[in-house]
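2 protein chains.
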Amino acid sequence: MIPSIEWIDETNTVKMIDQTVLPHNLNFLEFRDYREVANSIKIMNIRGAPAIGVAAAMGFCLAALEFQYMDYKTFRSYMKQASDTMRSTRPTAVNLFWAINRMQGIIDTNSKQNPKKIAQLMIEEAKLMWKEDIDTNHAIGKHGAQILENGDTVLTHCNAGSLATVQYGTALAPVRWAIEEQGKNIQVIADETRPRLQGARLTAFELQYDKIPVKVQSDNCAGLMMMLGKVDKVIVGADRIVRDAVFNKIGTYMVALAAKRHNIPFYVAAPESTLSMNETRKDVTIEQRDGKEVSNVLGKVEIIPDGVEVINYAFDITPFDLISGIITEHGIFQHRELLKKYKK
Amino acid sequence: MIPSIEWIDETNTVKMIDQTVLPHNLNFLEFRDYREVANSIKIMNIRGAPAIGVAAAMGFCLAALEFQYMDYKTFRSYMKQASDTMRSTRPTAVNLFWAINRMQGIIDTNSKQNPKKIAQLMIEEAKLMWKEDIDTNHAIGKHGAQILENGDTVLTHCNAGSLATVQYGTALAPVRWAIEEQGKNIQVIADETRPRLQGARLTAFELQYDKIPVKVQSDNCAGLMMMLGKVDKVIVGADRIVRDAVFNKIGTYMVALAAKRHNIPFYVAAPESTLSMNETRKDVTIEQRDGKEVSNVLGKVEIIPDGVEVINYAFDITPFDLISGIITEHGIFQHRELLKKYKK
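Protein chains in written order, with my numbering: chain E, 6 to 349; chain B, 6 to 349.
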């Protein structure tokens with residue numbers, strides 16, 4: 006699979022796949038202005054918690070290059086503005102804030118350096134985060150593959166694959182590892198994932214691209230498929246994991262309820278950067294997006310009468326009693342282990 | 006609301022709203038050939054268990070008119086063919102079979118009459134069924150309105166409204182009665198209901214048409230909305246009610262699981278003709294429809310990469326432990342009451 010995002014050294018450019026036009030067009034966008042990167046996160050040219058973390062970091066580097074000829078104090082205040090712009094793009098995925106904070110650390114700890122040097126250090130850090138993301142996902146894959154048996158059918162919701170990360174994916178990493186490294190026979194069922202259809206468009210695209218067997222169903226189908234015994238495991242990604250719940254794409258909670266009913270293991274795969282264990286669900290804002298995402302499918306077909314109001318929460322909340330385990334780059338953790346490992 | 010279907014005496018025509026082009030076009034179809042009516046059921050110009058029962062009965066009348074100049078024996082054998090065509094349109098909704106059986110009764114008990122007379126008796130019967138459907142729905146509304154309190158928000162899945170019946174609806178009947186006859190303040194949340202989007206297109210259309218407050222959400226949103234305390238009751242329709250479960254539009258089961266989790270009353274509203282209490286869930290075929298319904302939204306936008314297989318069950322199975330009661334024209338029944346009332 007092609008990386009979802011890259012830093013091009015020669016031209017100081019952020020290059021990303023335009024995920025809004027997949028699966029029928031594989032187009033690349035190139036940005037040299039951080040405001041464009043912020044907008045690309047907002048309108049979801051790039052999405053997926055780990056991927057938008059890296060995108061925000063790289064966008065922040067573009068800001069640093071723009072302001073690098075200022076004195077440190079002015080540079081710092083312009084970078085604050087750029088950071089606010091980045092932070093305001095998507096409120097739920099915690100990796101975005103984690104990435105910006107990590108980059109901000111470079112600015113704060115190098116106050117004796119000139120901004121030109123700081124900009125270079127930031128670019129190195131963003132490229133390191135890029136590489137770490139791939140390594141992390143391989144580790145998630147290796148740990149997660151333990152739960153998969155030869156012949157398993159894995160249901161996933163939304164896209165927490167290669168496209169949601171730099172490469173390789175989180176929820177899809179165990180599937181990739183089980184197939185590619187262990188030679189297991191694994192199939193995937195992708196929920197289409199309304200309203201933005203990341204499952205139908207992106208999960209189907211990337212698995213087909215890598216010749217991993219995949220079928221798509223409407224989100225409504227998950228309960229019946231479990232009742233019919235056609236799902237062995239569920240693995241989803243996460244946008245934020247707090248002490249008492251997992252925030253992930255809207256609809257995840259209903260999948261988890263159905264999995265519980267049928268005693269089907271339900272796992273969440275995410276890097277440590279998605280953990281926010283100082284928070285509980287009450288601390289998190291759930292993004293509500295434009296109703297047009299629902300009423301106008303992919304901007305192409307109106308499905309709702311004019312004048313009817315739309316409810317469009319982008320994420321929901323899955324409590325830990327429905328979750329069999331959290332797969333991170335460090336292993337598979339039960340809720341109590343997670344609470345112990347990440348004390349307040 | 007306009008009736009979804011009518012028999013026009015002057016021209017012996019079946020007239021129906023074309024539900025495939027709602028909500029943006031209100032077009033009517035007129036048929037004088039039973040094969041066209043069968044096709045209209047198959048491709049869902051008309052849908053909803055009670056409505057397709059009446060459509061099948063009226064289509065069967067067109068067949069009777071076509072064959073009325075034959076002798077009784079030949080007439081009967083041609084009508085058998087017409088009945089097979091009708092029965093093969095949709096396998097899950099039991100009202101279809103109930104309606105055809107009732108019409109077949111007219112043929113069987115009038116073997117001494119000439120087919121011309123039988124055709125007239127059949128038309129009278131179909132018109133009676135049409136009228137009974139409206140009366141039944143009013144009775145469902147009156148009984149069902151008991152469960153609604155002033156200020157309630159009712160979640161419904163798919164369309165079991167006026168458009169799914171001759172008029173007035175089943176699941177939406179209690180809402181209509183509570184508002185129109187009791188002056189209660191009731192709001193509706195309509196699940197969009199992928200893949201055919203009957204909630205977004207039809208439920209939203211008919212409630213807006215009748216000035217009943219309605220909002221639309223993606224199916225994925227139901228669980229979160231319940232968790233947030235924004236749903237007071239759930240009412241859905243049914244395509245077939247058997248001894249141990251309710252068959253209804255795909256996704257109903259997941260809504261029921263979420264309602265159970267949050268102790269939200271979950272009711273099924275359906276006429277007695279939807280009951281099939283000699284069967285259990287094992288006896289019922291769940292219709293699997295063309296994957297294009299999922300992959301190509303309303304025939305207008307492709308959302309899945311070419312070559313990826315689609316799973317498309319049209320209905321799912323909701324066991325009775327998730328159901329607070331069944332609302333019929335005779336009252337509201339618990340599972341045990343239903344089993345007692347309809348002994349094998």
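Watch out, some of these pointers could steer you wrong.
Because identical chains cannot be distinguished in the list, a pair is counted as satisfied if it fits within a single copy or across any two copies.
Each computed DSS-like pair below joins lysine-lysine, with the alpha-carbon atoms no more than 27 Å apart [stated by the list, open to error]:
1) 235 with 297
2) 297 with 216
3) 20 with 122
4) 235 with 287
5) 189 with 121
6) 265 with 235
7) 220 with 305
8) 348 with 216
9) 122 with 147
10) 216 with 117
11) 220 with 287
12) 47 with 287
13) 265 with 287
14) 349 with 78
15) 121 with 287
16) 117 with 346
It is worth saying that the hints were derived from the structure and are not from the lab.
Against the structure, the hints:
no.: 1; hint: 235 with 297; in the structure: between (34 Å within a copy, 21 Å between copies)
no.: 2; hint: 297 with 216; in the structure: between (34 Å within a copy, 22 Å between copies)
no.: 3; hint: 20 with 122; in the structure: within (23 Å within a copy, 77 Å between copies)
no.: 4; hint: 235 with 287; in the structure: between (35 Å within a copy, 17 Å between copies)
no.: 5; hint: 189 with 121; in the structure: neither (50 Å within a copy, 67 Å between copies)
no.: 6; hint: 265 with 235; in the structure: both (15 Å within a copy, 23 Å between copies)
no.: 7; hint: 220 with 305; in the structure: both (24 Å within a copy, 21 Å between copies)
no.: 8; hint: 348 with 216; in the structure: neither (42 Å within a copy, 53 Å between copies)
no.: 9; hint: 122 with 147; in the structure: neither (38 Å within a copy, 76 Å between copies)
no.: 10; hint: 216 with 117; in the structure: neither (51 Å within a copy, 67 Å between copies)
no.: 11; hint: 220 with 287; in the structure: between (36 Å within a copy, 25 Å between copies)
no.: 12; hint: 47 with 287; in the structure: within (24 Å within a copy, 48 Å between copies)
no.: 13; hint: 265 with 287; in the structure: both (24 Å within a copy, 23 Å between copies)
no.: 14; hint: 349 with 78; in the structure: neither (34 Å within a copy, 84 Å between copies)
no.: 15; hint: 121 with 287; in the structure: neither (41 Å within a copy, 72 Å between copies)
no.: 16; hint: 117 with 346; in the structure: neither (36 Å within a copy, 85 Å between copies)
Comparing the model with each earlier hint shows violations of hints 5, 8, 9, 10, 14, 15 and 16; every other hint is respected.
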